[in-house]
Amino acid sequence: MAKLSAHVKQLAAADRWTYRASRQSATEPAAWAALALTAHGHVEAALRPARWLADLQQDSGAVGITANDLAPCWPTSLSLWCWAALDRAQGSSEFQQNIRAAAEWSLADRGKSAPQSSHIGHNTELVGWSWAADTHSWLEPTCMFVLGLRAAGHDAHPRVREGVQLIVDRLLPDGGANYGNTIVLGQPLVPHVQPTGLAMLALGGEPSSDSRISRSLDYLRTSIDPELASPSLAFAGLGLAAMGRRNAQSDQIIHDALDAPHAAEPLSTFEQALLLLALAPNAAMDGASAEPLGETL
Amino acid sequence: MSEPVQHVESKGLSRRALLAAGGASAIGLGAISAIAAARRRERVFIARSQRYDGDLARTICDGLLACGLAAPQFRGKRVLLKPNLVEPTRKIPHMTTHPAVIIAAADVFRGFGASVTVGEAPGHVRDTQMALHESGVGEALRDSDLAFADLNYQEVGWRENAGRFSKLPGLFLPQSVLEADLVVSMPKLKTHHWVGVTASMKNLYGVLPGIKYGWPKNVLHHNGIPETVADIACTVPRTLAIVDGIDCMEGDGPILGSRKSLGLILVGANLAAVDATVARIMGLEPTRVSYLKLAAKRLGPLNERLIEQRGERWQDVADPFQILDLEHLQQLRADRSGWLFS
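Chains as they are written, first to last, in our numbering: chain A, 1 to 297; chain B, 298 to 639.
One chain only, chain B, in its complex shape:
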């Protein structure tokens, strides 16, 4: 079996993987080439009119079912929910994944019989307790009796870089990531002033430990942001995306942008397909986003004909985001006429 085949089958929580005996390992299910993975049809669920005080658990459950994922596939599994808590401050709540979305996801997976942990390695702050406090996530986890894994300081293990888009031979991953049967990337939907958009793939930067990579994770930057985003998505085994697109960030994201309310929740088993859909909703052309371009070679489809839209159609909820007036960002726009930009 070639390396790309192992990679394709060992990452992402495909329906096929979950339906495999016990769902414990997807490796060895068959010889699907990398090209086939990029051409495989993937489902992405979009729900609109969502609110943080609404029944988000119901929405997430509906989304999982719409993507072909059901309760028996999660029973007895260790699920790690990975929100975005990059640099929390109460002054900018739309920077980080809202606690209500995290708790709703936890309720769903616990209801399915999984054991759930929430974990994050905040990228810009060393004091993780502060990050939990400022984001409101710490209090929400205590109220819901949920465990938190501080991925910045846990013991680590080394895994070969399954992506090889960058020169990094391998990646250090925290114990909770290595032990999880499923890592659920739970990003906040935001613009990103270097790479255009940050969603479920870029959010996985936050599974890498600061104690090894620094604050910020400058080792990754020096090895190429698009390349390392794709590498991490390839290397972290068994992933799923639940996107907080209710209150989003536009303009100078991912830290200082303005709030933009979309009221969306997105769910999908293929991170590339989810992020391509996110980009379209934001008015960006996914094939122009550097790390998605890399993902298209290996991780999943960007082509909308290969992405089965469940729930709402992306065209019906699309609402172009303001992006900074910088050439490297403006060139990502799907339609360069007539939009506001900051």
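Extracted from the complex, chain A is given alone in its bound form:
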């Protein structure tokens, strides 16, 4: 536990929130850092990245990917989530206006649908969220927007409900998920851990009994391995936790990855935040039962 505490302190002290490849802060790592710090009870420290995100929020309510890159705006989803989590943790309404604007933007933003095609296995007519404007709905952004809007109390909104439907629809027949295609030209595609973990995180608390969900959880459970890269490992942990399948063995592997004695490079704040979030007492941070935060939309 002492080591975990040291990692939390290190994340709390970070002056930038970056991916491994970048030197400048990016909004996604900042949002995950705020979420991880909040989940570990370091609310004061979480306010710094959360306020940085608030500063970057555009008049439209959207949040771009860095201070310099105003688009695409998929990190609006995670910003919304971290602001809602922080306001709830503080019992405050500091981010109320940010939440309202971000939720409004998110609910108006739509991935492109397309007529059904015999070449494509998923339901192309369902509307979720896309990575970039005017493109198709994909699994991962839809998961992030479902999580953000749910945390802000919009779980019952028809857009969120359709998003959940889309996530289930994009699970592979034998379980697991990839970027969001299922069957192309008659062949089922290959699952990957990170999108599967994110999908399970987004589906946490949902009543669906679709057998692909239990198969996806089996896939995650068997994929957790010390060799797994940190982001995938963290998402696997988060997905299992959200579905009540967290266990001591996977937690230990995540702990070990956080200490990463074998790693050639130190963890980025992005990786550190994800691993810490996966080890938080309430790793899934389920906001499904929350009342809407911010003004009624």
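In case anyone wonders, no lab produced these hints; they're calculated from the structure. Among the hints, erroneous ones may be present.
Claimed, not checked - Just so you have them, the derived chain B footprint on chain A, three or more residues with Cβ under 8 Å: (1) 16-29; (2) 128-138; (3) 192-206; (4) 237-247.
We put the beta carbon where it would ideally sit given N, CA and C, even for glycine.
With chain A held as given, fit chain B onto it using these hints.
This is chain B only, laid out in the frame that chain A set:
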């Protein structure tokens, strides 16, 4: 100078460009029209009987020399090797560029006095560390003390779209691409279930950052795959191709196809000419491949009379690939009689 002239001279690692003073910039070397570029003779080197445990560095070095590219032209230059790591999984090793080819190329360019980085923006997976692990490339880079640039998450710069085949006004390129003196496209030779073939031009989709274009890079798809393939090839400055054609993919490429062993390495300074040769080896007619058709207008020759074959002749190594029984793919076949197809 018209835009097409700038484009022709600023892209591709022509021998003339490398022979220019310092090789740092090819812009302004002369007024060669786009039409002339498509009619200019280009060299493509083919080596057969290659193995991943063979002396691939020697083969690549021979290929560069055969294409008129020699050590002094690379000394002090920043070389970015761009393999294909689109969606690595240990279950399908023939989907991604083999680590041995990457390391061999790195050894050659380092031996020439260049500084070498390997960079990729995997198109279907956000966890790049996972992609490096599953492909075996991460371990190979560590063993060879080679730096990796994660092109999905680097800082980006905007460049005007030099191709203008699509409506995209410009492209966001990662820092490592913008700073490189030379980008070496190192594709795996594969079929592609939408556009027929993926080689050195299509592989350059992987220099565009996912953080801007998504996973998959759906912005490009919505603007037309052939058009954006040609746009990227026009816009990325100074390129070269080294193709992993040893264990290839046929059938339902670029992800789920079957392994097909050809044992080939191809090298060339003109991506269009290299990819046209690849298509011929696979039994496809390059002028029917949509993005090559566009490339023929601007990037380089498809006509085999304008492609100087070095090493092996393509006719001697040609081995038709199985392609899916779909009309948009079958129409690419050079000879529609007598082949197997899945």
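Verification of the supplied hints:
1. Counting residues of the segment 16-29 of chain A whose C-beta lies closer than 8 Å to any C-beta of chain B gives 7; at least three are required, and the coverage claim holds.
2. Coverage of the segment 128-138 of chain A by chain B holds [criterion: at least 3 residues with CB-CB distance below 8 Å; count 7].
3. Look at the segment 192-206 of chain A against chain B: 4 of its residues bring a Cβ nearer than 8 Å to a Cβ of that chain, three or more, so the hint holds.
4. Three residues within the 8 Å Cβ limit are the bar, and the segment 237-247 of chain A against chain B gives 0, so the coverage statement is violated.
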